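Chain by chain, the residues run as shown.
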Amino acid sequence: MSLDAVILVLLIPATTAVLLAVLPGDRRTAYLNIAATFLTFLAASSLLFFDRPPPGPYLLVDDLNSVFIVLITFVGFTTSVFSASYIDHEFEAGLVTPSFLRLYHALYQVLMFAFGLALLTNNIGVMWVAIELATLTTVMMVGIYRTHEALEAAWKYFILASVGIALALFGTILVYMAAQPAIGEGLDSMVWTILMAHANGFDPGLLNLAFVFLLLGYGTKVGLAPLHAWLPDAHAEGPTPISAVLSGLLLNVALYALLRFKMLLGANPEALAPGPLMIGMGLLSVLFAAFMLYRRGDIKRLFAYSSIEHMGIITFAFGVGGPLANFAGLLHMCLHSLTKSAIFFAVGDIVQVKGTQKIADMGGLTVTNPVLGWGLVAGVVAIAGLPPLGIFMSEFLVVSSTFAREPLLAVPLVLGLLIGVGALFLRLNTIAFGEPRGPTHKAQGSYVPMFAHLGLVLMAGIYLPGPVVALFQNVARLLE
Amino acid sequence: MTLIVVLAAMGGLFALTILALAIGRTALGPVVVYGGSLLICAVAGLAALWQLVGGAEAPTATLPLGLPWLGAHFRIDALAAFFLVVVNLGSAAASLFALGYGRREHAPMRVLPFYPTFLAAMSLVVVADDAYTFLFSWELMSISSWALVVAHHETRDNLRAGYIYVVMASFGTFALLLAFGLLAGSDGGYAFAQMRDLPLTPTVAALVLILVLVGAGSKAGLVPLHVWLPLAHPAAPSHVSALMSGVMTKVAVYAFIRIVFDLLQTPVWWSSMLVLAIAGITCVMGVLYALMQHDLKRLLAYHTVENIGIIFIGLGLALAFQAYGLASAAALAFTAALLHVFNHSLFKSLLFFGSGAVLNATGMRDMEHQGGLIHRMPLTAFTFLVGSVAISALPPLNGFVSEWLTFQAILLSPELPSWGLKFLVPAVGALLALSAALAAACFVKAFGVTFLGRPRSKAAERAQETDRYSLAAMFLLAGLCLIAGIFPGVFIDALAPVAKALVGESLPLQSDLPYFSIVPIAESRGSYDGLLVFLFMLVSGSLAAVAIHRLASNRLRRGPAWDCGFPDPSPATQYSSASFAQPIRRVFGTMMFRARETVDMPAPGDMRPARLEVGLRDLIWDVAYAPIVGGIDYGARQLNRLQFLTIRQYLSLVFAALVGLLLVLAIWP
Amino acid sequence: MTQSLIFDIAHLLAGSLLLVSFMLLYQDRLYALLNVYALHALVLAMSVAWQAYAQDAPHLYVTAAIALVFKAILIPVVLHRMIVKLGIHRQVETVVGIGPTMLLGMGLVALSMVVMLHVTAGADPLAREDLAFALSVVLLGLLMMVTRRNVVGQVVGFMSLENGLVLAATGAKGMPLVVEISVAFSILIAFIVIGIFLFRIRERFDTVDVAALDSYRGEPQ
Amino acid sequence: MMLNLLVQGAQMALVLLLAPLLVGFVRKMKARLLRRQGPPLLQPYRDLIRLLRKEVVLADGASWLFRACPYVIFAAIWVAASLVPTFGAGLMFSWSADLIAIIALLGLARFFLALAGLDIGTSFGGIGASREVMIASLAEPAMLMVVFTLALVAGSTQLSTMAGFLVSSEVGLRVSLGMALFALIMVAIAENGRIPIDNPATHLELTMVHEAMVLEYSGRHLALIDLASEIKLLLYASLIACLFVPWGLAPAGATPEALAIGLAAYVAKLGVGGFLLAVFETSIAKMRVFRVPEFLGAALMLGLLAALLLFVSRSL
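First to last, the sequence lines map onto chains A, B, C and D. Take 1 as the starting number for the first sequence in our numbering and just add one per residue. Take 1 as the starting number for the second sequence in our numbering and just add one per residue. Take 1 as the starting number for the third sequence in our numbering and just add one per residue. Take 1 as the starting number for the fourth sequence in our numbering and just add one per residue.
Rather than coming from a laboratory, the hints here were simulated on the basis of the structure. Please read all numbers here as calculations on a predicted model, not as lab measurements. Glycine included, C-beta positions come from ideal geometry on N, C-alpha and C. Hints are not guaranteed to be accurate.
[Stated by the list, open to error] Here chain B is said to cover these stretches of chain C; the calculated rule only asks that three of the stretch's residues, wherever they fall, bring their Cβ under 8 Å from a Cβ of chain B: (1) 103 to 114; (2) 143 to 150.
[Unchecked claim] Calculated from the model, a selection of chain C residues having no Cβ within reach of chain B, i.e. all distances over 12 Å: (3) 2; (4) 29; (5) 54; (6) 70; (7) 95; (8) 117; (9) 135; (10) 138; (11) 139; (12) 154; (13) 157; (14) 158; (15) 174; (16) 184; (17) 187; (18) 189.
[Claimed, not checked] Here are the computed distance ranges between Cβ atoms for each label pair: (19) A/95 - B/633: 31 to 41 Å; (20) B/557 - D/41: 46 to 56 Å; (21) B/155 - A/439: 51 to 61 Å; (22) A/21 - C/87: 47 to 57 Å; (23) A/361 - B/627: 28 to 38 Å; (24) C/69 - A/21: 42 to 52 Å; (25) B/154 - A/463: 52 to 62 Å; (26) A/146 - C/87: 29 to 39 Å; (27) B/155 - A/35: 29 to 39 Å.
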């Protein structure tokens with residue numbers, strides 16, 4: 001039964017992608033897009049409820065990736081809802097052509113397929129291929145507007161991502177070579193479950209080397225400093241739904257790959273602990289992004305950098321390890337993708353309302369568009385880690401659990417968070433409050449996805465349902 | 001039972017928030033929200049009072065909220081009950097005031113939804129019994145009050161105030177978070193009960209103490225962490241200012257007491273010195289800053305800083321006595337601090353209400369344009385006068401009682417064996433005395449310049465007495481100030497269980513002494529009887545009046561002011577707030593504020609008016625904050641270059657990272 | 001044929017690939033660069049073919065064929081055309097001089113050797129040596145990307161890097177998906193080349209012809 | 001009980017009656033020292049009665065506070081004075097306010113006096129009020145430091161107890177007590193607006209402090225305020241007397257004889273005190289207003305030093 005669900009998760013997007021590619025570009029295709037993502041979401045969430053199939057050579061479902069797949073498909077669904085209204089407005093405004101729509105929606109489904117494959121595969125090679133596919137797709141989507149800035153951003157993204165991919169592949173090969181003596185030649189040496197089973201027999205040195213390459217390779221996708229360079233521009237120049245997809249989905253998928261390999265190293269006693277490396281890059285990203293936030297004049301780049309900061313926090317949390325920190329990291333990842341995509345929904349509307357991305361040209365949003373403005377305020381309050389919204393809980397857990405064990409690590413983290421909060425509110429003051437500036441049209445995009453996400457985040461801050469907690473705790477134990 | 005009532009009340013307040021979102025725009029909105037909060041807070045306050053006086057077993061409850069595997073723990077012990085009373089009394093009074101004041105709010109949707117949440121959050125902090133619930137409510141309190149501070153966001157200053165406030169608030173929260181992290185230990189015992197049992201090493205305990213002092217102190221407004229307070233408190237609508245100054249700072253005091261006296265079982269011997277020194281400085285700095293202000297609400301906010309200093313002096317003394325096992329002395333100091341917490345919440349709210357009424361009547365916060373309001377709004381003037389006398393620590397009102405107790409506690413310092421304290425405590429006493437005297441001076445200025453003299457502007461001439469709800473609130477608090485001043489024994493006895501629970505000893509029972517007098521230690525050591533002093537003054541004053549009017553003349557004639565023979569027509573020649581403070585500024589200001597006076601005297605025949613300009617500088621900002629701001633800006637500017645590299649340069653970054661990591665691997669053992 | 005001979009030949013080929021990488025670094029004229037790259041691909045094809053023979057893994061012949069046809073012939077020709085069409089300078093502009101680059105390259109090779117010998121004490125020697133060469137080729141390719149200003153130079157750098165990957169992949173005994181991966185990579189490279197042509201990138205990756213876009217990041221610089 | 005009540009009443013009446021006399025005595029002494037005839041001893045009484053008979057001329061801008069202030073000031077100071085032991089310690093209500101409370105009562109009086117100065121809205125009232133609070137802001141802490149010193153010696157802030165302790169033998173001579181006395185005298189001079197701080201006799205506007213505040217008062221109001229300030233002088237005199245020369249002070253619940261002796265001793269002390277004050281005032285000149293802070297700062301330092309030295313001398 002549930003294997004079919006797994007197949008469905010991959011099949012629906014694939015077929016829809018083909019369908020959308022052949023269908024003529026039309027506004028109605030957006031609804032097909034929504035329907036497909038919704039079905040994918042249903043199929044994915046069914047994975048939680050039915051007993052799981054035994055891991056095959058290519059497909060695997062366990063607690064870890066079921067959490068990811070449900071999150072990814074859900075955000076994918078809500079984003080498609082938002083993008084329908086958003087693209088519709090672009091279409092009316094005559095900014096995009098039917099062929100654009102066709103390409104856009106087809107690529108969207110390809111992307112969902114790539115994500116699903118990357119998450120559900122049991123084979124590190126396939127995972128690598130899937131992530132490369134996702135990268136190429138997002139590259140095309142970022143460049144889809146064909147403006148100078150968009151092309152340059154896409155190109156930059158493409159080059160940096162290609163190098164990242166190359167490094168990741170080298171790492172994958174190294175893992176195979178480490179596994180091959182213990183497991184033997186052939187496919188088995190690339191299958192997760194088998195790798196995990198025999199991990200302690202691997203050559204630790206090769207594993208370490210492999211992890212370095214994988215950290216840099218997939219870390220490029222996660223957007224960790226100093227590999228982050230593509231991220232702000234890609235977020236800023238693509239269509240806003242794609243910014244939401246990048247922040248909410250792509251980064252997490254790449255992180256998932258990292259986590260898998262971290263588990264692999266963790267399973268081998270002689271291999272060096274991956275923790276310190278991840279902690280180091282996490283801290284670097286947090287501090288770096290926090291400072292970078294200050295001089296951002298472009299609203300989408302602002303929140304792109306905030307994504308870097310939060311990916312840093314998550315990497316840090318997983319690097320610290322331990323049941324509390326892992327739980328916190330997982331929670332933070334889910335809540336961050338919900339919140340950040342909600343923020344990008346708001347930003348999309350704001351940019352359409354104000355007709356610019358320059359923060360200096362927008363102001364007094366809570367006066368002119370109260371719902372949108374307060375939505376953004378809520379989003380920023382959430383992303384700043386303030387209650388009643390959920391990120392407060394994950395930050396609470398990360399900081400307090402770290403400080404009890406490694407005080408010297410928590411201090412720079414806290415500094416980074418504080419500096420980040422300062423920057424975010426500084427910009428929020430300009431955007432949401434003060435005298436209204438810039439045009440004041442009504443916003444076209446639908447508010448439903450934004451407030452749905454914020455509602456979930458709010459609930460997480462106040463009450464986490466038992467099953468979710470149990471699931472997360474299992475995963476946290478898995479990641480040990 | 002009590003806990004259920006309180007939690008239900010909080011639920012009600014959150015419900016009001018939802019309701020406010022719905023009907024906030026209608027004329028009914030303010031009435032419902034403020035009326036509702038008034039009732040709810042009154043109920044909660046009474047329940048807490050019952051808990052405090054009845055002395056029942058501390059009720060506890062755990063809801064399946066917050067941290068999943070922990071749940072939200074709530075508990076009302078004596079301390080919590082006392083602070084619940086303070087919080088809800090203040091909230092109820094503010095809501096009553098707002099029933100009149102809040103209706104004239106021009107942006108109701110920016111105030112109404114956040115107001116009940118703010119109230120609820122403050123109470124939740126007090127009843128929380130685990131770290132997550134505590135910090136959650138704490139930060140909810142900050143963020144909702146932030147929303148209220150930026151309610152009037154059109155003016156740049158308010159936005160700036162809100163910004164500094166939110167940053168400082170997060171800073172404080174992180175400090176507390178780290179403290180709780182240490183208290184909880186590595187396996188995350190976040191419930192307060194677990195923290196009490198966790199043994200700590202002295203260094204860790206010291207670290208916790210410093211973090212708490214920073215975290216709670218930044219919220220309470222201890223110098224030098226006070227900078228946000230005088231900006232944020234005045235920026236909010238007046239009833240919210242009253243809450244922030246009168247109540248929210250007390251919640252911060254609660255946090256300090258809860259952690260240092262309750263959770264932190266390991267004593268830190270030098271803690272008292274640190275607290276005392278900071279508190280003493282806070283007192284004097286606060287009142288000196290206040291004296292230099294022209295903005296009535298900002299002046300009041302700075303006085304909050306001063307009073308927080310007084311409270312912390314009491315707490316520091318309690319720590320000192322406790323550290324050397326002088327339980328009864330500790331109880332005296334502790335009770336003094338708590339009593340001042342209560343008193344200050346009364347008169348500070350009262351004074352902010354008064355300033356709100358003035359702001360409403362004249363539309364200005366600047367005292368330099370007020371004047372003569374006592375003729376136009378006599379009732380407000382009367383209540384404000386009562387508040388001023390109370391906050392200046394003058395008998396027979398309540399402010400004097402708590403400061404008197406603090407002095408009595410200071411006089412017990414010879415019993416302390418530690419030499420440092422022997423010398424520190426009298427010095428702190430001197431600072432306390434200085435700040436008390438300066439406070440009196442400051443409120444002569446505040447009341448005199450605002451309410452007395454002649455109107456300095458058209459608006460002040462046309463001022464109208466404020467509405468009856470506001471007056472009711474103000475008279476309620478003024479009455480309480482008087483009652484707490486002349487029957488202090490009752491209140492001290494109410495505090496006995498708190499002191500008993502936290503310092504292990506409590507003051508002797510006061511209420512059975514003759515004439516409601518209070519005797520902290522022994523009759524021979526010192527006693528005070530507010531009631532008698534009040535009666536004596538009443539009797540002798542009225543006696544004199546009657547006698548004179550009967551026996552001597554009672555004739556009266558109105559005439560122009562004499563003023564040594566040249567009465568001046570223009571109100572501008574009156575003493576303004578700046579000129580009133582000038583002597584004191586010349587005494588203290590040159591050192592404290594780098595006060596510089598520049599006189600621009602035009603040549604004879606030159607028609608332009610002469611100008612005297614005074615430049616004041618906030619040294620604390622210059623020394624402590626400006627560098628941080630500059631540093632962050634510098635860092636941002638330097639790092640920002642990385643946003644504008646070419647792809648090849650970015651690749652070089654990746655390359656460098658790779659080579660670096662490989663080198664690490666190569667030298668790895 | 002004895003095991004040692006197989007090993008020696010594989011070793012020789014891998015080593016010569018590294019050598020050619022150094023030759024790439026040394027070139028200062030684009031045409032020459034392209035020719036050397038063709039040689040690079042050729043050596044790779046031979047080494048892959050040899051591995052196919054050694055591990056008698058026929059599917060590796062496909063990879064070898066791809067390397068030969070696509071990289072050794074097609075790409076250089078296309079790039080050659082491009083240089084002519086876009087009127088790209090014939091000079092290879094370097095960030096640091098050729099000499100220092102070579103020294104850096106030496107350092108990198110030494111590093112990769114140290115790392116390999118340091119970490120892979122246990123692995124079987126063939127794989128190990130191969131891996132060391134592959135790693136150095138990868139690093140040299142990256143070095144080339146960051147020290148060459150020309151777009152062509154950078155592309156060539158990337159492609160040599162990718163050759164290193166393929167070398168490593170084929171060196172790993174019985175690694176599945178090698179063919180798929182090499183195909184995927186060829187697609188990637190095709191994309192890049194097309195991209196260059198599409199965006200009419202003249203000199204560097206980061207000056208797309210349309211404007212000096214580096215200056216603009218939607219931000220006040 | 002009855003007797004105690006009587007004694008307490010007697011004390012209240014006594015301070016009321018004696019205060020103008022003290023002032024008259026000081027004036028007389030000063031005049032004599034200047035080789036002048038000087039006003040008769042009872043002149044202050046005459047002034048008061050004359051003022052009481054006159055009608056009040058109230059400035060137009062005056063508010064209800066302006067009319068209430070004289071009574072508040074008078075009441076506060078009178079109550080304070082009647083709680084300071086004059087001829088007998090341990091009076092019936094002496095425990096109802098200790099020394100700190102008494103100082104606070106004086107502070108209350110000053111508070112309202114300053115407000116009255118501001119009420120009419122004239123520049124002179126402002127000058128007076130602002131200078132008064134400036135002086136007070138230094139005098140009060142100095143006074144409190146004196147109280148600390150004495151309280152730390154006597155282990156009490158209760159005047160009767162302090163007097164009782166200080167008269168006892170175990171005190172002995174202490175450097176800190178000397179400093180305290182010195183500081184207390186300086187404070188007393190400042191608080192009562194005597195030379196060199198302020199000149200009660202002057203009407204040179206720019207040098208006035210006290211007079212400037214009461215400039216607008218007339219008739220019975222002025223009478224009350226003058227009387228209050230006279231009582232204040234008496235209060236400080238008797239404070240110094242009972243704290244530093246407590247001999248002859250009748251203990252609590254004493255016999256009428258003892259009370260009589262105490263009364264005689266008290267009058268004698270006042271006489272000496274008044275004479276010394278006169279000598280002091282005639283021998284120095286008034287200082288500029290902004291020299292006052294240094295003067296009082298010195299007093300404050302003396303007080304603090306006294307309190308600190310106490311520990312040293314004690315621990316020895």
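Violated hints - listed by number, lowest first: 7, 8, 9, 10, 11, 12, 13, 14, 20, 21, 22, 24, 25, 26, 27
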